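A.B. asks: Single-letter residue listing:
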Amino acid sequence: EPEVTQTPSHQVTQMGQEVILRCVPISNHLYFYWYRQILGQKVEFLVSFYNNEISEKSEIFDDQFSVERPDGSNFTLKIRSTKLEDSAMYFCASSEAGTGGSSDGYTFGSGTRLTVV
Amino acid sequence: GESVGLHLPTLSVQEGDNSIINCAYSNSASDYFIWYKQESGKGPQFIIDIRSNMDKRQGQRVTVLLNKTVKHLSLQIAATQPGDSAVYFCAEGEYGNKLVFGAGTILRVKS
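Order-wise, the sequence lines are chains A and B.
For the first sequence, my numbering assigns the number 1053 to the initial residue and increments by one for each residue that follows.
For the second sequence, my numbering assigns the number 39 to the initial residue and increments by one for each residue that follows.
Think of the hints as simulated: they come from the structure by calculation, not from any bench.
Mixed in with the good hints there might be a few duds.
[To be verified] Some, not all, of what chain B presents toward chain A, calculated at C-beta under 10 Å:
1. Leu46
2. Lys136
3. Ala141
A quick note: this is a predicted structure, and the numbers were derived from the prediction, not measured.
Glycine included, each C-beta is placed from N, C-alpha and C at the ideal position.
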């Protein structure tokens, strides 16, 4: 079964450092998303991406965050200067046809646990 | 603003019993709803979805009910098994927009 792949599974970084979280979405999917989940809390939307541009972003997704699809397969989330409160699980997801456009929702990866120290 | 399922209850059921997990949503414009299962250390896994033009949908051992009048969504799991133990999230969205997740419900299955 096709899956969304995320690397690394765990990243520890010093406060103020830049991190890049990587994702390989399902190959025929056109819509891409980043969500994050602080330990014990709900899954929060960060950003959606379609047709090589951001289609929607949350208030969490400030100027420290950026996304890129550098080639035909990877989808990355960059945090320019990490803060302690950025520590969370970051999930990448992809969808064939966007919200409601297909019958299987978004497919999520297993996540990257980001720890900022 | 929109919000979904602000509470995080824990539901404990005996193996073999049926489970019902509930979710309230507040965005009356939402037209698509999904239930996800999240096991420890993993990403959310799709269980079942329903569109706003339906009030019930069945899958394998699972049924989702949608009551738009009171903005309520439920997930019924038949013959609950130990492998069903996880956190269950409802999510809602408007067609073409982002999915918004609820706070989740912990399901514990006792053997």
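A.B. asks: Does the structure break any of the earlier hints, and which numbers would those be?
C.D. replies: none
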